[in-house]
Each structure stands twice: as structure tokens, then as C-alpha cells.
Amino acid sequence: MTNYFAYLNLKRLPALLVVFLLAVILPIVRAAWGFAQEPDRGDAIVSGSIADASTLIPILASDSASSEVCGLLYNGLVKYDKDLQLVGDLAESWEIQDEGLTIVFHLRRNVVWHDGRPFTARDVEFTYQKLIDPQVRTPYGGDFERVKALEVPDEFTVRVTYKEAFAPALSSWGMPILPRHVLEKEDLNTTRFARQPIGLGPYRFKSWKTQEKIELISNPAYFEHQPFIDRAIYRVIPDVSTIFLELQTQGLDSAGLTPLQFTRQTDTAFFKTHYRKFRLPSFTYVYLGYNLDHPFFRDKKVRQALNHAVDKDEIIRIVHLGLGTVCTGPFIPGSWAYNDRVKPAAFAPALARQLLAEAGWRDTDADGWLDKEGKPFSFTVITNQGNEERIRSAEIIQRRLKEIGVEMKIKVLEWSVFIHQFVNKRKFEAVILGWSLPREPDNFDIWHSSKTREGEFNFVGYSNPEVDTALVEARKIFDPEKRKIYYQRVHQLLYEDQPYMFLYVPDSLSVLHNRFRGVKPAPAGIGYNFIDWWVEKSRQRYRLTP
Amino acid sequence: MMKRNPYLKIGLTIIGLLMLITLFAPWLRSADPAQIDAAQLLMPPSSAHPFGTDQLGRDLLTRIIYGARISLSIGFIAMGIAVAVGILLGSLAGFYGRLVDTLIMRCADVMLCFPTFFLILAVVAFLEPSIFNIMAIIGLTSWMGPARLIRGEILSLKEREFIQAERALGASDARIILRHLVPNALGPVLVNATLGISAAILLETGLSFLGLGVQPPVPSWGNILIEAKSTLGVAWWIMIFPGLAILVTILGFNFIAEGLKKIIG
Amino acid sequence: MSTYIIRRLLGIIPLLFGITVVSFFIIRLAPGKPVAVEQSLNPRVSPELRLRLEKQFGLDKPLHVQYLIWMKQIVRLDFGRSYIDSRPVMEKIAERIPLTLGLNLAALVLIFLIAVPLGVRSAIKADSAFDHSVTFLSFLFFAAPTFWLALLFMQFFSIQLGWFPISGLTSLDFEYFSAWGKAGDSIRHLFLPVFVAAIGGFAGLTRYMRSNMIEALRQPYIATARAKGLPESAVLYSHALRNALLPVVTILGLSIPGLLGGSVIFESIFALPGIGRLFYEAVMTRDYPLIMAEVVITAVLTMLGNLIADISYACVDPRISYKER
Amino acid sequence: MSEQPLLEITDLRVTFDLEGRRLTAVDGAQFSVARNETAVLAGESGSGKTITALAISRLLPPNAAISSGSIRFNGHDILRMSQEELTGMRGKEIAYIFQEPVSFLNPVFTIGDQIAETIVLHQRVAPQQARRQAAQLLEQVRIPDPQRVLASYPHQLSGGMNQRAFIAMSLACQPRLLVADEPTTSLDVTIEREILDLLMELKKSLGFSLLFITHNLAIARKISDRVIIMFQGKVVDQGATDTVFRCPRHHHTRELIQAYEKIGKL
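Protein chains in written order, with the working numbering: chain W, 20 to 565; chain H, 1376 to 1640; chain F, 17 to 341; chain C, 2 to 267.
Just so you know, the hints here were simulated from the structure itself, not pulled from any lab data.
Take the hints with a grain of salt, since some may be wrong.
BS3-like cross-link-like pairs, simulated, lysine-lysine; straight-line CA separation at most 27 angstroms [stated by the list, open to error]:
id : chain 1 : residue 1 : chain 2 : residue 2
1  : F       : K141      : H       : K1636
2  : F       : K71       : W       : K446
3  : W       : K319      : W       : K394
Produce the complete structure using the sequences and hints provided.
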């Protein structure tokens, strides 16, 4: 005691005060401000999903419900971070060698599967073999067929050699990795594993009641850290109106919203007290594609004219209640490949008429419709049934085109018939469709002039040698800084050529119960840091054990 | 005939009024049912829009009136097809008997085993959900009722004296069937068909709910009503008015059927 | 009696054949291809892969050959595997069918419990205010589109009054409930769906019961019963009701397809994992093996339902078994 | 004939309400039936005889009503009876047999059940006892295989057999009055004779009054002590059988008799 008091000399008093302040007052202040508080564990998050998952083997899953659940169960070698940059996941680091022909991944060493077995390079090798196995019904084989050889020099190194340099390859290694020791002797197409998977992600599989719910529980051994929220529950609610009603009774914690739900239906005191709404750009765009072999649309001037005749802002205003942005090209707005010097064409009906007149389209018989060589400008646009937004967009475009004397008929088709008999066979005059905007900007399959066979994706028949070259060159370069030159050029050329009338990028709208803390919206959305979300003990709604 | 038959009276009044409304639709509401008005999205009922407006600012009353055209024609044409097929097959089966009868009635038995909605769903989903396809499919999956009725009536009628006499006079089969048997058997079929009309209208609503009904922008009561799903909580009028329109119409047809039953039975 | 049953049993053979033919060809003659083959316009899927999948599924063979292959399978009760998740189709249906059957059975019981007394009372008090209001109400319920009623009910009973949960089968903490808690929870979840499923059926059965009863009351044997000195209640509820009730058995059989069909809608809106919902998904993804299996199975169920109804009718109604059949 | 008649109907008027129109079916009928007497109520169809017969135990359809008159049975005013008194009397005091036994027997109960039901109802005996009595009754109406018939449903039996069973059921409680409404009309001539013989024989052995309703004057003449002729809802002629047939008072009776004489049936 005496010794202790001997320390207490006056000279040190200010320092002690500082220590005291730090030790006692700061935590109170921090707690009061609500930051850096130690997160509580517990509770569950209940998400509503329109569709059930089909399989929990990620390399077989092509639907978004399956992919979402798989996202919490598995990891890939790489992932996109909150700013859409490619970073390591199961791979700690990687090197690009031989001018892009070889990628060497160095794997994390402390990762274990949910059954306790260690994760090794053999699992990566196994997953790769399954991806290229013709017997396995995976839709993702394409990127991996370019691999010349995959070697495993040691337990924690994977060396992939490509036939030619292929930049999109790197992102393809975001493919979730499967456990070799469990699946080695299984037929992937039919294995029970699809419904009781073992992964290595932040959550472990608990139960799956078909068409009812999937339940996951947090993985204490997750290599980053155990998630704070104990359970993640996906409830299947096939009808949007039911989802909305469930939200009204707090039966769901998170769900996607329609624009109307976002702006009006959730604009109530109830929603404001219990929920938080998020509005982020979605990674999709909607367009009107022309069949470029059609005599009307061969002329670039006509396409540019039509682009001027349609008010995209109006479409966004009516169809998405203003929740979206005008689209100018097939890249994620704000991403490195996106060319922000490409500005949307002005809505200018007069200019449109003028351009059409220059292209030979005039209303010679004064019937209100433009014509050329005796043919009126009348075409049919097809779109798929079940997508209200596309149909409504079509109706608005129809009205705007009518104002400049162009008749557009709308035909709504059942999806499979639409794709198989019209789009794949290129039997259409114009089509309204959407593409997703992958984080990897390679657009080769959609725009390269070689991709116009039946069932391929350049079904509008676009061909521009400069775009072709740029697409091919860009694939060989890994460095985004150099790669972006090509894509930005492609972006510019596409907007000038107008093979599509690029319409809009809708916003992705969602609602989340406001008891969840640690949610930080970023360009990638909100889900990227899900394992850091937490709920204060007093506000937790679900218990894990009785 | 109408005396002391309040069901028939009410039913005919409802459906009669409805027919008049659909007939004179363009004069009743001059607006274009597809006219989008960005300034008038989801407006509650007012003097300009007595039933309010929908998500695209279209006048709901106009859409319901034009929707009546579509929905009623679905009802009538689908049932027309069902009755035509039913009469044809039923009278063939009843009149010729034996193999023809067995064959046709077995087909009817098979068709009756299927939950009709499943069949319709599968076919509508696979074909284009155009109005015509919907009518045709509903019609072709509901002929069994009329066919059975016609067959039964014909079986009991064909041995009657007047038919025997007609036959003795050398009348052709077709003449006997069309002039004597079918008209005599028509009563119960009429009741069945009236109920069938309302069933067809309801069926289209069900298909619309699943996104497989008449496709917008063509307004049908089904696809007008399903907008209520996406506007829950902000537009009660979209929930109430189209729903009531369907309700009253179906009620009308069922009342007529009930009234007819009274007359026939 | 036994000859009647045997004859009916033999009669199902051509029916079964017809059912498979219709199921197969209606579905397979439609244009378009399964989504599993189509892969929903995914740029990652090459045309070659699609051809390969087509081959794996046997879709490259001529249609009649596919039919024969399929028939060979289904006589062994093997309906193949789903295109979507490769699970055996029978397994997928088996896990869903109890819910749908259970729900529909509950709905039938409810319909019966409400419609029979109402119909009988209406008949006894024919043309009274009671009769007219029952008629009107049952017509009214019959006239309302199912999903519309469901939405109205959900808004009123679940949101305004908070009596029932909106959707689903059980609460999320179900497994932690006591046995009674579980039972209560299930009933609360299933009440609205069963009620909505039943509502369209009230009208039919009430009307049917009413006219049967009126018909029965007109029969001469009722005069006999009265002439014997039976009290009115015995005349109505023993002599007339028994006659009026018997044909209802066959109606129950006939109502199976309608209820099954209706389950597509209420299973969607109440988020219930039954076969109606499964069928809709199968149709939307063109999961041929699943669609065909489901059509066949529901048709066979309906057929068996009718058969059982007819046979039990023949058993309970002495008039049938000795007459023409 | 000095004692009080068993059944006495005075000025009976029955009206029907047919969708708002009033229709008089029985218009001031007046007649009586004495104990142990066989009275025949005759007339062509639509003359109101069946309605009159039904009115006796107030078994009229709901849209018919007795608008005036009185019915006295064994000293009681039937029109003033309570519902309980009525049901106690029906089947026990006054029994009926009808034209088409198959449709007047309930198709979904066995013959045994239907006979036993009446016995249990009025005699308050145990069901087994009732069943035994039923078997005896069937023997009494000369049914050869009573056990089989007891277990049979009406449509399994012939018309004659059904009518015998029906008679057995009606007589189960030894009624004072049996009202037989055209009980043989739907039967073959040979069966008709058998049934008539049976009825007369039972009447003799059991001793009840019989009100027999028929349009057939031949039968009327053969079995009756007294005839009552109805025409258009009115009783136009009545009296001892011989008297009426010998010198009919009303022209309609005359026409009827002449019609029968012409075809040689009388």
C-alpha cells in the first residue's frame, strides 16, 4: 500500500487523470454514442424469399435462392469486397505468372470444414474436376474448360495454367469450394449432400423443410470469426403480397421490396419504427434490343433516333417510381469498367423525327405513321410474361414512339417459348429483356460478332470490328487499370451504335428490421459484412435454445 | 316464367345491366383504358375517377368496364366451346351407343379425373397466355358436364314414341339429333353452362393470380384485381372495386342458373 | 355387390392408360424446353452444354419412344428424377402430399359440418328468410375469387385483429414449444387456409343438401312415416335425412379435383409447401418428370377417390347395388 | 247404426295454396264410417278422395289447409288435437296403406326396421320384442319367408310382397280404422285379388273399420258395405252399396256406373 501511494506523486497526476478518463468515462460515452460497443451474440435473422432453393451444391445451383444460401455455407478462393474489388477469401494471396497464363493461389491454413476436417488444396482440385466433368450438370463449366492444367504443389498451394491468358478467370475462382472428403465417392447430380451440405462458411446447415424454410446456425470455427447472429432462417413465401403482410406483423426481418412498397406501402409509422429501408443500385439493366438484321434497324441513324424518342427518365418515374438510373451501357455504373463520359442521349422527339427523316422515314401518306418505300414503320417488340416492369416499360415506349409516328406492337410470351422459339432463333424484330451486370465486366458472349449462332447471346446480331478486338484484347489483361481502357471504349461504341436501346438500371430495394446493428451499406450492397451484424440483447426476438 | 322466380329476376337484371355497360363502354367512359398518366398514379376515388386510378394512373372504372368485355367474353366463349364440344360428343355417344359411347364416355371419365386447374395451368403456362388460348383451354377442359347431361337425356329420349315415329318416317340421324334430341336435352345443359360461365371467369382470375391469365395491357378482371396484391395498404380501391365487380357478376350468373333450375326442375 | 366392385376395378385399367396418355402428351406436345436445359439465358452456359443436358434427360429421342420409356418406368412406380434438383420425383411428391391432403380433408370436414346442417335447415324451412339468407350467403362466398378473400381475411384477421399468423405452417420457435403449444400453433397457422379452401365448397354442398332434402321430403315414404305417427323430428332427421345424405358421399369424391386444383392458389398465398405449389413450380420450370408425375398421381388419386365414393355409396345405399349397375 | 260412428266428417273443406292461387280441393265433404264397416270412397282421380283421406289424420302437404269443417274420430275432435295427441293417434288408431308400396316404404331401411319402428313407437316394447312381433305379423299377412323379408329392403321385393309387408306394418298396432288409398291399383290383377282377399280376411279376424279409396267401382261394389262417391271435391252420393248402385242419386254416379256397365265390369 505504501509503495503504491509512493507512486502517487503529484507530477503524475495529469497522466492519471487521462488514464481515469480513458478507463471510466470513455466507455460510457461510447455506449451512449453507440459505436464500438461490444456486440451481443444471439437472435436470428428471418429473410423472406419468393422461391425455395433447389440445391445447396453451389456448382449446380443456378437460381438466386440457392446461391444466396450457399453464400453463407461456402467460400471461394477469391471474393468481391464491399467496393467491388477482387480480394482473397480462401486464398490468402495469389500471383499472376507467365504473362497471365498461370495463376498461383496461396491458401489459408487455418480453415476447417463444418465437420472439423481441414480445408486443403485437394478440395480446390476436386471442385475443379467436378466443374469440368461432363457428367456433372453444372452451368459453370465454361470458364474452367480454358484451364490447361491444375496442379497442387503442396497442401496449401494451387497452380492453375491456362491455354491462353484469360483475365475473367481470376473472378471465376470465386466459385465456392466443395469438400472432397465428403463428396469423393458421391454422384454430384443425385447426392443427398445437396440437401444436407457441409461447407466451411460462416454458417452451418441445420435444416431444410422444402418450400417452407432453410435454417442455418453460426459456425463457431469460422476462420474470420463466429458470426454474432446465431441463426439465419430463409422462409419461402411465394407471393409478394404475403411477404408484405408478413412484414406488417414483423414476421420477417428482411425482404426485397417493390418500388411501390418502398415508396408508399412502407411509408408508415409502423415501418419507420421497426424497419430500415435500403436503396442500392441493382446489378441488372433492362434494354430494348433490335434485331440488327431487320431492314428497319440496320441503319444506325434509326436506332439513334428511337433512342432520342424515348424518355428513359419517364420510364423510371412510372415503372420504378423514380427508383433507378438511366442506363448507358452494359457495365456496373461507377465500376472501373464503366465509362462515365458516356452521357445519356437527350429526350428529343424533334431530333428523332429529323434523324428518321434523314434515314428516309417520312409520313408521305399523312396517316400519322412514318413510312419508307411504301412500308409503314411498324414493328413488334416481344417480352416475357411475368415481368410487369418490362411490360409497362414497353407500354410507355409504345406511346412515345407513336408520337413520332412509329408503331410498336407488344407481344408478351411465355418465358420458355420466348427464349427458345423467338430469342434463340432470332425470330424477333425487337425484344425487351434484362441482363445482369456481373462484377467481372467481360461481355464477350453478348457483343462479339462470333456469338450469333442459335442459342448464343449476341442474338441481336451486333457486329463491330473495333468492339470485337477490344473484347478479345481486354480478356488478356489482368490489371484493371489497363483493362478498363478497352471496356470504356466498348461502352462508348455500344452507346453510339445503339444495338440496344439501353433503358435503365433499377435500384435494388430492401427492408431490414432495425434491431440489426453493424449494417454498413456499400457499393456491394449490405450483405457483405453479415457476420459482423448483431442485435442488442434486449431487442433480440428469437432464442436458440429453450 | 319470371313470376315468383326472384333469383332469375335478380340474375338477369345484373347480367343484363352488365351487358349494356360493356356494349356502351366507349360512351360511358371516354378515356382510353390503357392511357397511362404519370401525374395520377394511385389516386383515390374522386369525381374524375370514381373508382380511383391504378399504378400507372389509369382510370380504374374505365378499366373495369373494359375488363368486363374481356372477362365476359372469356366466360361466354369458353362455355360456348365447352357446350358445343359437349353437345357434339354427348349426342354422338347417346345416339350411337356401343363403341362410340364407350369411347367418348371413357374419354370424359379420364378428363374428369384430372384436377382441371392443373391441366389448364400446365397448358396455359406452356402456350402463350393469349385470351384465345385461355378461352379454348377452359372450354376444352369443361365439356364433360354438358356431354354427360346431353347423353343422359338422349338415352332417355331416344326410345320415346316421337323419335321412333320420326325414324320410321325416314329422318336422318343428324336431323333427329339436332331437331329433336338436342333441343329437348338443352335445359339442364343451360343451367350447367350458366354455372360454367361464372366458373370460367373465376378461373381466369385464378390464372391471373399466378401470372398466367390474360396478359396486360389488355384489361381483364383477373389482372386488374391482382394489382391489389402489389398495392396492399395504399390503394384499397383496387382491392375493393374489381373484387366487387367479379363478385356481383358471378352472383348474377349463379342466380340465373338457380332460377333456370327452378323452371326446368 | 362384389361383381359391381370387380367391374369397377377393371374399369380403372383403361382410365389409368388414358390418364398417362393425356398427362404425357398434353405436357410434351407444348412448345418450349425445360428450364434446366434452357438455363434461363445465362451467358455462362454454352449451347453444347445444353445439348448435353438434353441428351442426359433423353429429350433428344422421338416423343413416342420417350412415352414408352416413361411408361416402363412408371409401372414400376418410378417417376424419374426432377430436372431441377435431381431428386427422385416420388420423394418430392411424397414429402408434399400429406399437407395438401390433410388440408383438403380438413376443409372437407369443415364444409360438411357447416353445409349439411345449413342445407337441411334451409330445406325444412324452404323459402323462409333463413333459407334465402343461407342461399344468398353461400352464393356470395362461392362468387368471391379465392385469393381475394384470402387477402381480405389476412388483412382483417391477421393484421387488424392479430388472431392468426399470416402464413407458413409453424412458428419459427415451433420446436421449442410444448406438445399443446405445438398443436395450438399448428391450428392457428392452418385455420385461415382451411377456411379459405373450404369457402367455395360451402355453396355447392349447401345447395346440394338443400335440394336433396327437399326432394326427400317430397317422397311418398315421408307420408308413410308421418302416417305411422312418427314425431316430426324422426320424420326429418331419420327418414328424410338418411335418404338425402347418402348421395353426398359421391359428391365428396367428385369434389377432390376441384379442391386439389384450388390448392395451387391458397398454398401460394399462405406459403404452404403442398403439392399445388409444387405443381406450379414444376410448371414454371418445366420440370417434365415432376409435372407428369404430379398430373398422373393427382388424377389417380381422384379416380380412386371417386371409386371409393361410388363403392361406399353402393354399400350404404341399398338401392344402388341391386339396380342396374 | 244407432251407436256413434267411428269416424264422422262434417262439412270438410280443404284448400291449396298454389303459388298464390287458392284452390279448393275438398268442398264440404260430409260422411261417416261406422265401426267394423267397410266404406269405399270412390271417384275419378282428382275428385279429392285422397286429400280427404289424408285430412283424416291431418297428413296434408304443407301448402294445403283444412279451412273449415270437423273430423271426429272415436269421439275426439281431430282438428283440435295437439301435435302429440295426433302423433299418438296416427299409426295406433288410424293406419294407412298406400297405392305404390315401393315408393311409400323408405328405401334405405329394411322391412323389419320399418315394421319394428312402428311397434316400438306405439307399444313401447324392446326392439327385439318388436322384431319378433314383426315376424308374426308377416306370417299373418301370409308372407312365406318372414325372416328373409324382414332383412330385405323394399326394392328387393315384388310389389305384392311389399304391399303385404305394408299391410303388416299398418296393422301392427291394431288400429281402429285402416285407410287404404288405392292399395291395389299398381298391382297385377291376380295380386290385386290376393291383396283384397287378404284385407277382407284380416278385417274379419282383427275387426277394424276400413275406409277403402278407389276409382274402381267394381272393387267398390264387391267389398263395400257403404259407398261414398266424390266428384270435383264434393260428396255427391253416398249410402249402402246396393242402394247407391241400384238407384244412384247424382248424375255423375249414374255416368260412372254406366261407364262400368258398358265394359261389362260390374
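Structure-based check of all given hints:
1. Distance check on the hinted pair: K141 (chain F) and K1636 (chain H) sit about 19 angstroms apart at the alpha-carbon level, within 27 angstroms; holds.
2. For the hint linking K71 (chain F) to K446 (chain W), the alpha-carbon distance of about 25 angstroms falls within 27 angstroms, and the restraint holds.
3. At roughly 19 angstroms between alpha-carbon atoms, K319 (chain W) and K394 (chain W) fall within 27 angstroms of each other, so this suggested pair holds.
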